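Student: Chains as they are written, first to last, in this note's numbering: chain V, 1112 to 1766; chain E, 1112 to 1766.
There may be inaccurate statements among the hints.
The list makes no distinction among identical chains, and a pair is therefore deemed to hold if it is satisfied within one copy or across any two copies.
With a Cα cut of at most 27 Å, we get these calculated DSSO-like pairs of lysine-lysine [stated by the list, open to error]:
{"no.": "1", "residue 1": "K1292", "residue 2": "K1316"}
{"no.": "2", "residue 1": "K1628", "residue 2": "K1316"}
{"no.": "3", "residue 1": "K1450", "residue 2": "K1292"}
Please keep in mind that the hints were generated in silico from the structure rather than gathered at the bench. No experiment lies behind these values; they were computed from the predicted model shown.
There are 2 protein chains.
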Amino acid sequence: MSVYLKDIPLDLAWKRFQDALETAGLWGILGIEEVVVDEGALGRVLAEPVWADFSSPHYHASAMDGFAVRADDTTGALPSSPRVLLTGDVARYVDTGDPLPEWANAVIPIEEVETLGARGEVVSGLRQAEAVRIRAAVTPWSHVRPMGEDIVATQLVLPAGQVLRPVDLGALIACGKSRVKVSRRARVAVLPTGTELVPAGTPAKPGEIIEYNSVVLAAQIEAWGGTPERFEITPDNFEQIRARVREAALRSDLVLLNAGSSAGAEDFSAGVIASLGEVLVHGVAVRPGHPVILGMLRVEGKDQPIPVVGVPGYPVSAALTGEIFIEPLLALWQGKAVKTPQQLDALLTRKVTSPAGDDEYMRVAVGRVGQRLLAAPLSRGAGIITSLIRADGIVVIPRGTQGLEAGAQVCVRLYRSPEEIEHTIFVIGSHDLTLDLVSQHLSVKNRRLVSVNVGSQGGLVALRRGETHLAGTHLLDPQTGEYNLSSIRQYLPGMPVRVIRWVGREQGLLVKPGNPKGIQSLVDLARADVRFVNRQRGAGTRVLLDYHLSKLGLNPDTISGYGLEEYTHLSVAAAVSSGRADTGLGIAAAAQALGLDFIPLYAEQYDLVFPRSYLEEPLLAPLFELAQDVHFRQAVAALPGYTVSEMGNVVADLG
Amino acid sequence: MSVYLKDIPLDLAWKRFQDALETAGLWGILGIEEVVVDEGALGRVLAEPVWADFSSPHYHASAMDGFAVRADDTTGALPSSPRVLLTGDVARYVDTGDPLPEWANAVIPIEEVETLGARGEVVSGLRQAEAVRIRAAVTPWSHVRPMGEDIVATQLVLPAGQVLRPVDLGALIACGKSRVKVSRRARVAVLPTGTELVPAGTPAKPGEIIEYNSVVLAAQIEAWGGTPERFEITPDNFEQIRARVREAALRSDLVLLNAGSSAGAEDFSAGVIASLGEVLVHGVAVRPGHPVILGMLRVEGKDQPIPVVGVPGYPVSAALTGEIFIEPLLALWQGKAVKTPQQLDALLTRKVTSPAGDDEYMRVAVGRVGQRLLAAPLSRGAGIITSLIRADGIVVIPRGTQGLEAGAQVCVRLYRSPEEIEHTIFVIGSHDLTLDLVSQHLSVKNRRLVSVNVGSQGGLVALRRGETHLAGTHLLDPQTGEYNLSSIRQYLPGMPVRVIRWVGREQGLLVKPGNPKGIQSLVDLARADVRFVNRQRGAGTRVLLDYHLSKLGLNPDTISGYGLEEYTHLSVAAAVSSGRADTGLGIAAAAQALGLDFIPLYAEQYDLVFPRSYLEEPLLAPLFELAQDVHFRQAVAALPGYTVSEMGNVVADLG
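So here's chain V without its partners, still in its complex pose (with noise of 0.2 Å):
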C-alpha cells in the first residue's frame, strides 16, 4: 500500500472536505428531532425559529395585590376628598397575577386604600370587606399586566439557530411551546489504533504509551454537542482496522480514525479510507497537526457517505485537529454559528521561527505586566500534551511567514476569559518546586501563577523588560558568596525592586538508588565512566557548579555530559532517574520526587525580585500574604532540604 502524503493549506483542504459533504447533502444541519422543554432541551440548539403560540400574560393581569376598579369611578379622588366605592362590580379585591374583571381596568394596591365593613368602620379583612375608601384617582390600566404585555401570539421569540440557555426554556413555555424542534445531535465515533496503546489506568511498559486522545477527543465532541462513542484500541493490522471503520460507519455520522495518519511503514489509516471510499485530502499544511486525513466512506448498507477523519498521534496534533475540523462541522450540522473565540492583542516575549510553508498554532501564556499585554511562547513539540493545559491561548503563525521578532504585536485566540489573564502572576526565572505549591495555593484565591522557567539570570532579564512581575533566582557572586545582590545590582541597575527571601534549599548530586557508582563529589563528575546532566546555560546551578568546578580546578570539557542541558531540577533527576545520566547538581526535593538518592554539597538561597510599584497593586497581595500563611509555610518545609524560617524577609530594597 503505497499512500503519498502531501500538505496542502488549510483553506484548500477544507474547500475540498466542503465540496465533497455538499454533495453528499451533509453541509448544513444534519436533522430535526423534537424535545421536550423540560428535560434535556438546555444547550439544544433550535433548528427552527419560535414564533409565539399565545400571548404572555394572556390575560390581563393584576400586577399588585389590590382592588380592581373602573378608572373611572376613581375620578376626582383627593386625600381630603376621599372616594368610598363598594366592593361587588365597582372594586373587587385581586392578587397579584389574578385576571381582572371584565368591567374593570384598573388596579389600586391595598397599600392605597382602607377597607372597611357594613357600617362604614375600618376593618382588616380584604375578602370580606364590604367597601374601600380611596384618597386619589388612578390612571386606567395603572398596575395592570395587559394581555401580550412581555409576548404577543405570533411574533419572534427565539431564531433558529439559538442555543437554548435557561432563560429561553422559560420564554419558550411561556408561548406556548411545550416541545421544540433542535437539530438532531451527530453520533462521532472515535476509534483509536496502534499496537502500542494500553488503555487507561494500565501500568504502562516502555514502548506502551497509554491511550487518551480517543478521551480528550470524545471529550471534545460532547462539549461541542456531538454524541461520541469510543471504540476499543485496534492494533495496527490493516484488516482489522478496516473491518472497525466499517463497523463505524454502519452507525455514525462522522468517524475520527486517531493514528496511522501519517505515510510511515504502519500507517494504515489512509490505505484503509481508499479502500473503503475516498482519501480527500492527505496532508495540511499547519503545525502541529499536519498529516491530517479527510475523506469520505462509502459502506455497504448506508445510503449516504460518511465523512471520517484521520486524526494524527500526537496528543497536540490531535487536539487542535478537534479544534480545527471537528468543531466547526459540528457546529455546522447543528446549524449553530461556529463560535469564534475571543480575541486579544499581545506582545510577544521572544522570538519564534516557524516553518514558512504551514500555518502554526502557537500555543501562547497571557498576562498582563504593568500596562502591557505580554504572550509568551510554551513549548511548541507536539507531544506536549502540558503545552495545551498551560495555554493561554493560541497565536497562528500565518504560512508564508518565517517567524517573529520579540516584541511583535500578534493576536491571540484566548482559552481563558480577559477576566482570568488580568489576574495571572508571571514568575520568570529559576525554577523552584514551591512554584507548584504557589499555583495551588493561589488557584483558590482568584490568582494563577504561570511560571516560565528560563534560569536565574533569564529572569532577572525578563523583569528588566517588563515582561514578568517577579523574578526568582539564587545567583552566587563568586567573588563574595553572597546571595542574588550582586547580580540583581548588575542586571537590574537603578531599577527600584524589591528582594524578598523565598526558600533556603540544598543543593547536591543526584544520583540512583545505592548510588551504584560511588559517586561522592564534584570530582567524581570527570570519571570517564560517569556521566553527567547539566541545567542551561544562566541557571543559578549551573552558576553555583561552574563556581564549584573553578575552585576545585576542574575543567568542564573533561565532564561527560556537560553540554547536555535540562530546564528544571525534575528534568534533571527524570535524566538519572532514567539512566540517560548517572548524576547532575539538583535540589533534594527534586531527588525524593523520583526517588533518586541525594548527596548534599550546598546550601543556597533561593529569593523573589520584583519592582516595588506591586508592592501597591491588589494582583500581587495574594502571593505576599501566602509567605504568612502557616499552612503554606507548613506544606513548604515538608520539602525536602528546605527552610522557611526567613520566608517573605525583605532582602534589600535595591535601585
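Start from chain V and add chain E according to the hints.
Tutor: Same frame as chain V, but now just chain E:
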C-alpha cells in the same frame, strides 16, 4: 401568620447567609467523590490538586521513524565522507514512539539514511537492512523525546478547583490517573407553589399561569454544576407546602421554594420556613427580585441544617435570584472560582431613574455604533422574561443612586461575548413585522439584529445622536403627502444619509372578528361606544392618524382611548383581541397574526435610513444583501398587506 418583609442590602443579606452556612459547616466544598476520568469527568471540578504519578513519556521514545544510534558513532560523518553503521547494536530501526535501545542516545530519521543490503547495495526494506549509510553526524538526544519531556512524575499537573476540560482529561491519563477526586454535585430541590399555576403544555385559562420558573431554575442549576430535582406544583396551602418542603429537605442539599416569598395573603414561604427552621433574611434591596427569603431548615432525620431560598415569583426576579444567590453558592460548594462575568464599559442611550434604596439589575442591549459602545435599557418589568432573552448584559445601578443620565458611562456585565456584540446591528425607530424576519435571516450570517421600538421620529433622533445604525421610519409629511424625506431633512439636517425603500404596507383599522361594532372609518372613533387604542407620540401610525383626523376635522378629545398608547402594531392588535379596546390603527399583518378583522384605509411606505459611511462597513453588508435575497422577499411578500417590489431601492441620498 404574620411575616414582616423588610429589605436589607445585598451584602448584609449575603453576610447573614454566609454566617449561617459557616456555622453549619457548609461554607466550602460540599463533599468529594471519585470519578473515572474517561466517563463523565468532563466539566467536573477537581477537589484536590493532581500531582503526576508517572512521567510522560515514561521512557525515552523515538520522536521519528528512523534508526536509533549512539551519537558518538556518527561523529565525523559528512556528505563527502559518509559513514556506514551496521544494524543490530549500532543502528536499529525504530518507529515513532518506540523506546530507544539502552545503548542508543539519538535517532536519525529515515529520510536521512540509505539502507544497505548484505553486499552494501542500497535496499528498500527498513527492518531487513544490514547497515545504514549516513552523511551527517547527530547530536546526543536529537529526535528523541526523553522521559519526562511532557510531565515529570510528582509535578503539579492540575490545581484543585480546575474545571476539567477535554485536554485536561488527556493530561490526567498521561500522568497515570484513571480516577480523580472531584467535588460532589449539590442536589437542589426546586418547588413551584401556587394555586394559579398549571404545568407546561396545559392550555391555560384566564387566571391560570403556565409554570416555568421551576424549569428555568432547574436549568440554571444544571448549567452551574448542580443536580436539580423539580417537584410538582403545590397549591397555596400552608400545610401542603410545609410537607413538601420537609420532604425536599430530607433528600437535598438546598431547597428553592418558588413564589409566595412576599408578604401577601397567600404568601406562605416565610411562614413555612420559620416553622421548619429559621428565616435569616426576608427581603433584599435588589430590583427586580427584592422579596427574597434566605433561611435554614432543620428537619428531623437530617443532622445538618439545609439552606433554603425563597425565590420571588416574577420570572425575571426568579432568574436573577438564581444568578445572585444560587450560582455563587454552587461555585463555592464545588470549590471553583466564582465566574466573574466579562465586563464592558458602554454609554447609556437614555436617562433612567432607579429607586435609591436598591441595587437595580437593569437589562440592556449592547452594540457598537461607530466608535462608541452603547447600552440601551430594555424593559425593566419583573414580569418581562423577554427582557432577559434579549439582554446582552446587566447594568447594576447601585444603591444610593437615583438614576443615570443619558450618555453616562456604565459597566455592563455581559451575557454574550464581545465578539457577538461587535456583530450587532441596531435598528431603532418604528416597529415593522419584517424586522423579526430580518433578525431570523441574519442570525445565520453572524449578525444579530437588535430592534428597539421608539417610533419613527424617535428613530431619526437616535440616528442623529449616533445611537443606532439604522432608523426605520414611515412618516407622512402632512403638507406634501410624501413619506419620510421631509422629516429626515428636518431631523437630520446636513447629515449624509441614504434612504432605502424597505416595504410598502397597508394601514387600517383592526377590529374584533366580524366587526361587532360596525366600524367603517376613522369617523367611528368618535362614537361613545367605541374604545380606541392609540400608538405612542412620534410613531408613524400616530402621525398618520393625526393627519387624517385633522383632515376629517375630528377632535382627538372626542375619542375614548386616544390617550392609551401602545408601542407596537402587535400590542395594538393584542389590545383589541383582549377587549381592552374595540379598534386601533395598524397594519394588516398584525390583524391577521391575532385573528382580527382589518379595514384597509391607507397605503404607506416604510423606509430604512442610515449614514452613507456604513455602505463601506462589513457589519451592514448582510442586511443589504437580504434586500435582494429571493427567499427573504418571498417571506415578506407572504405577509398580508406587504409589497416588496421596491425593497432595497435607493429613495434618496440626503445631506
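Student: When the structure is checked against the list of hints, which entries are broken? Sort them ascending.
Tutor: none
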